[in-house]
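Build out the structure end to end from the sequences listed, making use of the hints.
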Amino acid sequence: MSISSKGYSVVRRVIQRHGLLLVLVALFIISSVINKNFLSVRNLTNISRQISITTILAFGQTILIIPGMLDLSCGSVLALSGLLSVSLYKQTESLLLAFMVSIVIAVLCNFLNGLMVTRFRTPPFIATLAMLTMARGAALLYTNGQNIYQIGKYTVFGQGSLWIIPTPIIFFFLVGIVTWYILTHTRMGRSLYAIGGNEEAAIASGINVHKRKMQAYLVNGVLVGIAGVIFMSRVNAGLPNGAVGYEFEALTSAVIGGTSFSGGIGTAGGTVIGAFIVGILNNMMNLAGLNAYLQQVIRGAIIALAVIYDMYAKKMRTTRTLGSIEETQSA
Amino acid sequence: MRVEGLTSSGAFDSISLSVRAGEIVGLAGLVGAGRTEVLRALFGLNPYQAGEIWIDGRSLRVRSPEDSIAHGLIMLSEDRRRYGIIPVRSVKENVTITRLEEFIYGGRWRRLKEIERVEELCTRMNVKTPSINTDISALSGGNQQKVVLAKWMIQDPKVLLLDEPTRGIDVGAKYEIHKLMITLAKEGKGILMVSSELPELVGMCDRIYVMAEGKIRGELRRDQFSQEAIMHLAVGQ
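Residue numbers (the numbering used here), protein chains in the order written: chain E, 1 to 331; chain L, 1001 to 1237.
Warning: the hint list may mix true and false statements.
[To be verified] In silico SDA-like links for lysine to any residue, alpha-carbon gap of 25 Å or less:
1) Lys211(E) <-> Glu200(E)
2) Lys1128(L) <-> Arg1117(L)
3) Lys1128(L) <-> Arg17(E)
4) Lys211(E) <-> Ile1154(L)
5) Lys1113(L) <-> Arg187(E)
[Said to hold, decoys possible] Derived DEER-like restraints, expressed as beta-carbon distance ranges:
6) Ile126(E) <-> Thr1007(L): 30 to 38 Å
7) Gln1227(L) <-> His185(E): 49 to 57 Å
8) Glu1101(L) <-> Arg42(E): 43 to 51 Å
9) Val14(E) <-> Gly1168(L): 30 to 38 Å
10) Ile165(E) <-> Pro1047(L): 54 to 62 Å
11) Pro1047(L) <-> Ile126(E): 34 to 42 Å
12) Val14(E) <-> Val1171(L): 32 to 40 Å
13) Asp1156(L) <-> Arg121(E): 28 to 36 Å
Since the hints were derived computationally from the structure, they do not count as laboratory data.
Every residue, glycine too, gets a C-beta built ideally from N, C-alpha and C.
As C-alpha cells, this is what we get:
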C-alpha cells in the first residue's frame, strides 16, 4: 500500500469516528469568522441557553431511540405539565410543589406512553402521536384555551441564575450528566442498548424488555417535566399552546448527535454536540437575517439530511460487517 | 434436569426426559419434529400448557428466560443472528449482557473487573477478535458462537440447552466447541443438545432421545447408538 493511500484511510477513519465533533468545530470556525462576537462568553451563553430546553428533550429522545422507540408527544406533554405547574404555583405559592407537579404530570403521560407500547404493543410512533394530541387537548381543556399570566416568582426556574450561570443551562448540564450516567453506568442503560441492538436476543439473554422500555419512558417523563417548567418560566406565562413542534427539534438534535433509529446507538455527549450544531446553525441563520419561514424550511431539510445520513451510515455498518465475515470465511 | 409431560399445543406433546449432571444428552429428529420448540419452552421463550420441570430436584415454573436463568438453565439458540448476538454492540457487552449485576451494582460500574472477566472468558474459549471492544458483527460465525457461549458461561449454569451449537461454523471452531462441551460435562454440568448432524450426536452424546412429530419416539443408550437407529425412530412408525 502506498503512503498516500494509507494516509487517506487514516483520515477517513478519523472522520468516521469523530465526524460529529469535526462538524461542530468547523461550524465554530465558520461562525467566528463571519461574526466577530461569536466566541464571546455572552454569545456562547446565549446559544447554550437557547438550546437548553430542546436539548433536555433530546436527552429524553436519546434514551428512547436507543431501544428503538421515540416520543412524539414531548412538546404537548411539556406544555400540559408546565401549564398545570404554573397553575398550581398561582394557587399555592409553592415553587417546590409546582416543580414536582410538572414532573408528576409528565411522568404520568409517559407512563401511559409506556403502557401503550409495552402492554398493548402499540408502535411508539402511534402511541406517542396519540399522546401528543391528547396532552395538547388536555392543556387547552384545562384553561379553556386561555393563557395564565402573572406568574410571579415562577420565573426563577427559567430566568434566574446561579452566580453567573443561567438556570436553564444548569438544568441542561445536570440532565446531561444524569443521562450520560444512566446510559453508561447502569444496568438499565446497558439493557436499553441491547434491546436496541437486537430485541429478540435481548429477551433471550434474560432482559426484561417491558420493564426497561417503561423505565425509559418514565425517565423521559422526568426530563419533559423539567423542560416544561423551564419553558413556561421563560415565556413568562402558562401557555397551553406552547412548545408546538419541539419534539422535532429534539429528534433533530438527537439524530444529528449520532443517535440512530436503527437502534442500539447513541450517546449523551453526541446529543449535546448535535444540539450545539443545531443551535449554532440557528444562530447563524438569525444573524444572517434569514426569513423565519425560510429558517423553518432549512431546519426541516437538516432533519431530512440527518436521517438520510443515518440510513447511509447504517448501510455502511451492515456492508462492512458482511464484508468482514466474507473475508474471514475465505481465509 | 428432569422434565415430565411437557406439552405445548401445536408444537409438542408429553415430553419427558432427563439430563443428569455430567451428561451430554442428544435430542435428535427431523426438521419440524419440535425439538427447538421444546428447548424454547424449557427456557421460557415459548409457552407450555402442561408438564413439570425440575432442576436439581427443585420444581420450577418457567415463564421467561429470567426464570430459567435464575435456576441455572440456559439456552443457546439455533438462530445465532436472530437470538444470539446483539449486532451493534461490542464483544465485551455481548458477553456480560446476561450477568450485568456482577459488574454494575449499587450505582458503581466495575469497569476493570468486567474487562478482566471478559478477557479471561475469551481466552478460555479461544475467541479470535482484535479486541473485546470490537463490534461483534465483525467476527466470523464461529467466533460469534464462541462469544455467545461465553455469555452463557459467565452465568456458570447447571444445565445447558444447546440448539444446533455447531451449525454453520468452520471446522476449527466446531472442534473447539465440542472440546468445551466435554469439559463442561466433566465439570458436572448437564447438556441437552439438539443436533441434525448424526455423526455429532453419535460422537458426543451419552444418550439420545429421538423426536418425531412433537413426541419422543424413543431413547437410545450408548450401546444402541447408530445412525440407522436414530433415523428409524426419527422417521416415525
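Now for the hints, and whether the structure bears them out:
1. A hinted pair counts as satisfied when its Cα atoms are at most 25 Å apart, and lysine 211(E) with glutamate 200(E) qualifies at roughly 15 Å.
2. Between lysine 1128(L) and arginine 1117(L), the direct Cα distance comes to roughly 16 Å. Compliance with the 25 Å bound is thereby established for this hinted pair.
3. This hinted pair checks out: lysine 1128(L) and arginine 17(E) have alpha carbons roughly 23 Å apart, not beyond 25 Å.
4. With a CA separation close to 23 Å, the supplied pair lysine 211(E) and isoleucine 1154(L) stays within the 25 Å bound.
5. Note on lysine 1113(L) and arginine 187(E): the hinted pairing holds, with a Cα-Cα distance of about 15 Å set against a maximum of 25 Å.
6. A hinted range of 30 to 38 Å holds for the C-beta pair isoleucine 126(E) and threonine 1007(L), which are about 37 Å apart.
7. A hinted range of 49 to 57 Å holds for the C-beta pair glutamine 1227(L) and histidine 185(E), which are about 53 Å apart.
8. As the Cβ distance of glutamate 1101(L) to arginine 42(E) is approximately 48 Å, the hint placing it in 43 to 51 Å holds.
9. Checked against the hint of 30 to 38 Å, the C-beta distance between valine 14(E) and glycine 1168(L) comes to roughly 36 Å, which is consistent with it.
10. Our hint of 54 to 62 Å for isoleucine 165(E) and proline 1047(L) holds, since their Cβ atoms are close to 55 Å apart.
11. In this structure, proline 1047(L) and isoleucine 126(E) break the distance hint of 34 to 42 Å, their C-beta atoms being roughly 27 Å apart.
12. Separation of valine 14(E) from valine 1171(L) is about 39 Å and conforms to the stated range, judged on CB atoms against 32 to 40 Å.
13. At roughly 35 Å, the beta-carbon separation of aspartate 1156(L) and arginine 121(E) lies within the given 28 to 36 Å, and the hint holds.
The structure fails hint 11 only (numbered hints given earlier).
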